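Engineer: Read off the chains here:
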Amino acid sequence: MNLKDDAPVLNHSVPVRHPWRWFSAAVIILVVLVFASTFFTNPKYGWDIVGKYMLDTRVVQGVGWTLFLTVTSMALAIVLAIILAIMRQSDNPVLRWTAWFWVWFFRGTPVYTQLIFWGLVTVLFPLISVGFNGQELIHIVVTDPTKGLVPAILGLGLNESAYLAEIFRAGLKSVDKGQNEAAQALGMSNGKIMWRIILPQAMRIIVPPTGNETIGMLKTTSLVLAVPYTLDLTFVTNALANRLYTPIPFLIIAAFWYLLVTSILMVGQFYIEKHYGKGVDGGAPQVMNPDALKAQMAGLGAPKMSGQ
Amino acid sequence: MTEDNKPLVRIEGLHKYYGHHHVLKGIDMTVKKGEVAVVIGPSGSGKSTMLRCVNLMETISAGRIHVGDALIGHREINGKLHDLHTKEIAAQRRNIGMVFQKFNLFPHMTALENVIEAPVQVKGQNKNEAKNRAHELLKMVGLGDKTQHYPSQLSGGQQQRVAIARALAMEPEVMLFDEPTSALDPELVGDVLNVMKDLARSGMTMIVVTHEIGFAREVGDTLTFMDGGVVVESGDPRAIIADPQHARTREFLSRVL
Ligand SMILES: Nc1ncnc2c1ncn2[C@@H]1O[C@H](COP(=O)(O)OP(=O)(O)OP(=O)(O)O)[C@@H](O)[C@H]1O
Ligand SMILES: [Mg+2]
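Chains as they are written, first to last, in the UniProt record's numbering: chain A, 1 to 308; chain B, 1 to 257.
Keep in mind the hints are simulated off the structure, nothing from the lab. Every value quoted in this text rests on a predicted model; they were computed, and no experiment measured them. Be aware that one or more of the hints could be misleading.
Unchecked claim - Chain B stretches covered by chain A per the calculated footprint, using a threshold of three residues with CB under 8 Å from any CB of chain A:
hint : stretch
1    : 103–112
2    : 118–124
Stated by the list, open to error - With a straight-line Cα cutoff of 20 Å, these simulated PhoX-like cross-link-like pairs (lysine-lysine) come out:
hint : chain 1 : residue 1 : chain 2 : residue 2
3    : A       : K192      : B       : K197
4    : A       : K173      : B       : K102
5    : A       : K177      : B       : K33
6    : B       : K139      : B       : K33
What the hints assert, rightly or not - Facing chain B, a subset of chain A residues (Cβ under 8 Å, in silico):
hint : residue
7    : G178
8    : Q179
9    : Q201
The beta carbon of each residue, even a glycine, is placed where N, CA and C say it ideally should be.
Please put together the full structure from these sequences, using the hints given.
Structural biologist: Written out as structure tokens, the structure is:
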């Protein structure tokens, strides 16, 4: 077959012009350039300080503690949220109402207030003693050797659990009830049905908003000064800024680290979503019969062939 | 000797209420070991409800169901019935396979994983053993080359055959089918029916709710016609189809044949 003979005459039609598109792009680029040029001309950015303190031990440790707070409080929140979501579906009204009350309370009060409260628990209950018939059996003096770390995790985790509980509840409800029936008919126990059949499918709905919440949590950790807890990134960079009377370089340092960690979390979320999309989102390893595969390869090999 | 004649499934005086709605009004039915019992009837007559009572997907309002020696859902102590614990109900269900109209495969698992899930998780079977058995079962339903496919990559008819293999993997004594071909495109019905016919001929005890009269005629040992929550007529499928004794049966058959 001679391609030249039956090759079509291309149209080469004149495309529609979009002058406003060009204009708005030019304006935006100009503004960005003007702003960016101040990076070099304005000494208040203090790039030398940024460079000097970016990898300062206190700053890097601050990043570490911020990450630790994020991970542990999210882990606590996820465990609580699964329990709460299952309680909400329970036949037992006391469990249902308890879960409802929990969500109502922790969602309805500011996290800042909750963090102050957890910081004050040792003041509120200086000692716990359990007695019987006037005889003291257990006597615990409440102290906090972690210097605010445990109250911070409790405050952040409990507050977050209320939000996650709603996300998990929506996820569990999204799974077709035929799945539960099919698993029951196979004789699976309720625990196995939840863990192996319902939750993995609910995760598809649960993961994206939970990723969102995790990134939110990363930044909410900056409120732990309410406890007070003083080793996280925001507190450390603020303290350094106040000591050196140079707030802007330390804001830049903090922003850089928060953005870096957020970006890493987003990559993690991508892979988790892919995992739970298995079999549904076309995230499944594509199984193809060899002939179809060959046909597809052939199609890819000659995509520009026209007129057959 | 009496063992052979004792029915494997005995449904006696089964009633079911949804609130005040009286759906099943005293169903009696027996199925012997190795028999295929076909159940037909108009929409809303209670066929699904009856089937679902047998493996306790629905609670039983009145009456008794035995599968083998097990009294379904209850324990009888001094003539008084006591509910079984969830774990005991799960144990009873392992002996009863069920195939649904909408397949209900687990979408996050491959065909093979669907089939080995219950043997491994419920029976604690060795994973490799379960896999070998699953390969055999999938080959038997004509899907030996689709073991690594996810349900979304299979046609309806293929999904239903995986669902049959999944139920068989638990080696149940009796299989329940609730309109297994109703959700399928006409050209896919045949493959599923063929698998069910093979299963019937291999001696599996089956209760099949279906509109496929041809299936009843070919492999059915008994045919039960239900209407309005009661059994109107039951007996030899060929006799009933050729010469229904009740007007309602005659009218129904004239519509589906
Ligand atoms: N969960 C339920 N709650 C209330 N009523 C129900 C429920 N399930 C079924 N019913 C009612 O019970 C009656 C029998 O339903 P069933 O599903 O057993 O009928 P069927 O014979 O299987 O019909 P079909 O051929 O349409 O599947 C119907 O009137 C239906 O509305
Ligand atoms: Mg039905």
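Engineer: Now look at each hint and say whether the structure bears it out.
Structural biologist: Going through the hints against the structure:
1. By the rule of at least three residues with a Cβ nearer than 8 Å to a Cβ of chain A, the coverage given for the stretch 103–112 of chain B holds, with 7 such residues.
2. For the stretch 118–124 of chain B, the stated coverage by chain A holds: 3 residues have a C-beta nearer than 8 Å to a C-beta of that chain, and at least 3 were required.
3. Taking the CA atoms of A:K192 and B:K197, the gap is near 33 Å; set against the 20 Å cutoff, the hint is violated.
4. Annotation: proposed proximity of A:K173 to B:K102 holds, straight-line Cα distance about 19 Å (limit 20 Å).
5. A threshold of 20 Å between alpha carbons decides the hint, and for A:K177 with B:K33 the separation of about 31 Å lies outside it, so the pair is violated.
6. Note on B:K139 and B:K33: the hinted pairing is violated, with a Cα-Cα distance of about 25 Å set against a maximum of 20 Å.
7. At a threshold of 8 Å, the smallest CB-CB gap from A:G178 to chain B is about 4 Å, leaving the interface hint in force.
8. A least Cβ separation of about 6 Å between A:Q179 and chain B falls short of the 8 Å threshold, and the interface hint therefore holds.
9. Because the beta carbon of A:Q201 sits about 6 Å from the nearest beta carbon in chain B, less than 8 Å, this interface hint is met.
Consistency with the previously given hints fails for numbers 3, 5, 6, ordered from lowest to highest.
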